[in-house]
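Engineer: First to last, the protein sequences are chains A, B, C and D. Quick note on numbering: the first sequence equals residues 115 to 255 in our numbering. Quick note on numbering: the second sequence equals residues 115 to 255 in our numbering. Quick note on numbering: the third sequence equals residues 115 to 255 in our numbering. Quick note on numbering: the fourth sequence equals residues 115 to 255 in our numbering.
Keep in mind the hints are simulated off the structure, nothing from the lab. The structure presented is a predicted model; accordingly, all values stated were derived computationally and were not measured. Be aware that one or more of the hints could be misleading.
It does not matter which identical chain is meant; a pair holds if it fits inside one copy or across any two.
[What the hints assert, rightly or not] Calculated lysine to any residue pairs in the SDA-like style (CA-CA distance at most 20 Å, straight line): (1) K130 - R222; (2) K219 - T193; (3) K219 - I249; (4) K118 - I249; (5) K130 - E157; (6) K205 - E190; (7) K118 - Q140; (8) K219 - S248; (9) K219 - V194; (10) K219 - A138; (11) K118 - D210; (12) K118 - P162; (13) K205 - V131; (14) K219 - S125; (15) K130 - Q140; (16) K130 - P162; (17) K118 - K219; (18) K219 - A238; (19) K205 - P251; (20) K219 - G235; (21) K219 - P250; (22) K219 - P133; (23) K205 - H218; (24) K205 - E116; (25) K205 - L154.
Protein chains: 4
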Amino acid sequence: MELKMDVEEVSGFLAKVFPQIDGAFQVEEMRPMGARVRMLIGEHNLRPGGTVSGPSMFTAVDCAFYVGVLGMIGPEALTVTTNCSIDFMRKPLPGDLIAEVTIHKLGRVLAVGDVLLYSDGMDAPVARASLTYSIPPKQAS
Amino acid sequence: MELKMDVEEVSGFLAKVFPQIDGAFQVEEMRPMGARVRMLIGEHNLRPGGTVSGPSMFTAVDCAFYVGVLGMIGPEALTVTTNCSIDFMRKPLPGDLIAEVTIHKLGRVLAVGDVLLYSDGMDAPVARASLTYSIPPKQAS
Amino acid sequence: MELKMDVEEVSGFLAKVFPQIDGAFQVEEMRPMGARVRMLIGEHNLRPGGTVSGPSMFTAVDCAFYVGVLGMIGPEALTVTTNCSIDFMRKPLPGDLIAEVTIHKLGRVLAVGDVLLYSDGMDAPVARASLTYSIPPKQAS
Amino acid sequence: MELKMDVEEVSGFLAKVFPQIDGAFQVEEMRPMGARVRMLIGEHNLRPGGTVSGPSMFTAVDCAFYVGVLGMIGPEALTVTTNCSIDFMRKPLPGDLIAEVTIHKLGRVLAVGDVLLYSDGMDAPVARASLTYSIPPKQAS
């Protein structure tokens with residue numbers, strides 16, 4: 115299957131439909147059935163001890179998978195996460211998170227895939243997640 | 115198994131160890147192997163269309179389960195979520211979230227349980243989640 | 115929502131469409147958005163040490179949820195499991211398994227719910243699972 | 115981390131400790147933090163319509179992950195699955211299943227990883243799963 119949006123197009127779409135997350139995410143790579151997205155980490159994402167909070171890691175994973183799906187289906191604001199199973203495996207460093215997305219299935223109504231989440235500067239992933247997205251039916255025009 | 119901390123004790127502990135979330139959570143009930151926790155929702159938790167964001171729902175579920183576990187093991191800042199599988203089932207209203215926690219297993223090293231997440235004013239749950247927490251070994255003194 | 119099939123109707127339907135599991139499952143109770151199903155355990159379900167195997171517990175959970183969904187949507191052989199997240203919490207005794215099903219959402223295309231799995235003779239559940247079922251669109255006639 | 119058991123050693127160990135599954139599984143490849151395992155499919159694994167049953171796919175995934183962990187920790191019969199989250203994505207053909215295992219974390223007490231499950235003769239995976247295994251403490255001798 116072919117990519118429908120490149121890095122610039124996805125970034126422009128995100129800035130328009132999710133202005134509230136603008137600035138926190140950088141789309142680094144778009145590829146067929148995959149993407150790499152960086153989440154910039156600030157003070158408000160940290161926990162005592164200088165590690166990134168679980169909800170921040172969830173946010174990174176969820177947003178990155180959305181980006182990966184967007185690349186394959188084109189500009190659709192309305193896909194929604196229906197399931198996420200996330201395993202927290204290692205403590206991240208107090209810095210950026212990098213999410214590597216792989217889509218395993220892109221059906222008519224559901225997209226299913228995995229995200230490996232890395233902490234910038236560490237080799238081993240800090241979390242792994244699988245997600246299911248519901249893709250809304252096309253509106254008749 | 116018996117409850118080790120009541121509503122007041124858990125609330126005081128949270129305010130001390132997680133000052134950054136203070137104000138957003140209200141512990142409404144502590145019971146053996148369970149708890150009910152309210153998350154106050156503000157503008158920054160909303161998505162376009164006036165629904166509560168997925169990461170906010172994850173935060174509610176994760177914090178509520180932590181509260182439930184605290185009640186059973188006593189003041190331990192260091193338990194960590196190792197897995198969360200969450201199903202988003204319905205769109206929440208743009209208001210508070212209420213998490214009902216049930217702990218199914220409280221072992222020596224792992225706690226496992228479920229959370230049903232409600233949107234204040236709706237009857238049916240907006241999300242369900244299961245979580246596993248790792249309980250750190252007691253330090254020898 | 116109302117129950118569309120009672121214990122007798124579901125049992126008859128199962129015997130007809132899944133003859134290969136006939137005999138292994140007993141539908142004990144059907145209720146709105148829930149069911150209780152017993153799985154009879156034989157030698158081939160056991161592991162060394164006399165405990166019930168993980169795949170047998172998965173089978174119990176999956177079949178019981180199917181039964182619960184059948185009760186609400188009526189005789190439909192074609193629903194399929196799309197996701198199951200199962201936590202194995204305690205070693206079962208070498209005897210029957212009893213699955214308590216609760217459906218949290220019954221949508222047009224997806225059903226979502228939980229199963230608590232008990233080992234006959236033990237109080238605490240041996241496993242918990244959440245499942246998502248895909249409900250096929252009605253055929254135009 | 116280094117592999118502690120090769121294909122022959124793992125196969126011999128399985129035949130000894132799990133004689134009941136002997137014959138159904140073929141360990142095809144052992145590699146550091148990974149493995150490929152084939153499950154031979156017979157009549158009893160099929161559903162009406164000629165597809166492999168969900169419980170059979172779960173069995174393939176669970177056994178393959180066990181094999182992958184064995185390779186890294188050496189002969190330990192007692193590791194147990196604590197969680198499995200599996201997404202069923204496509205209908206398998208009525209033939210063998212091939213499981214590709216990747217271990218993401220091998221800790222002192224927990225192993226976490228992913229399995230992609232293929233149906234022999236299809237390119238796209240039929241299921242994806244993530245698993246957590248509990249590794250028992252070494253017995254003092």
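Engineer: If a hint holds in the structure, say so; if it does not, say that too.
Structural biologist: Hints, verified against the model:
no., hint, result
1, K130 - R222, "neither (25 Å within a copy, 31 Å between copies)"
2, K219 - T193, "both (15 Å within a copy, 19 Å between copies)"
3, K219 - I249, "both (12 Å within a copy, 18 Å between copies)"
4, K118 - I249, "within (15 Å within a copy, 29 Å between copies)"
5, K130 - E157, "between (25 Å within a copy, 18 Å between copies)"
6, K205 - E190, "between (34 Å within a copy, 18 Å between copies)"
7, K118 - Q140, "within (18 Å within a copy, 41 Å between copies)"
8, K219 - S248, "both (12 Å within a copy, 15 Å between copies)"
9, K219 - V194, "both (15 Å within a copy, 16 Å between copies)"
10, K219 - A138, "neither (27 Å within a copy, 28 Å between copies)"
11, K118 - D210, "neither (27 Å within a copy, 35 Å between copies)"
12, K118 - P162, "neither (41 Å within a copy, 24 Å between copies)"
13, K205 - V131, "between (32 Å within a copy, 18 Å between copies)"
14, K219 - S125, "neither (23 Å within a copy, 32 Å between copies)"
15, K130 - Q140, "within (14 Å within a copy, 34 Å between copies)"
16, K130 - P162, "between (34 Å within a copy, 11 Å between copies)"
17, K118 - K219, "within (16 Å within a copy, 33 Å between copies)"
18, K219 - A238, "between (25 Å within a copy, 8 Å between copies)"
19, K205 - P251, "between (39 Å within a copy, 17 Å between copies)"
20, K219 - G235, "between (30 Å within a copy, 17 Å between copies)"
21, K219 - P250, "both (16 Å within a copy, 18 Å between copies)"
22, K219 - P133, "neither (28 Å within a copy, 31 Å between copies)"
23, K205 - H218, "between (27 Å within a copy, 14 Å between copies)"
24, K205 - E116, "neither (36 Å within a copy, 23 Å between copies)"
25, K205 - L154, "within (17 Å within a copy, 28 Å between copies)"
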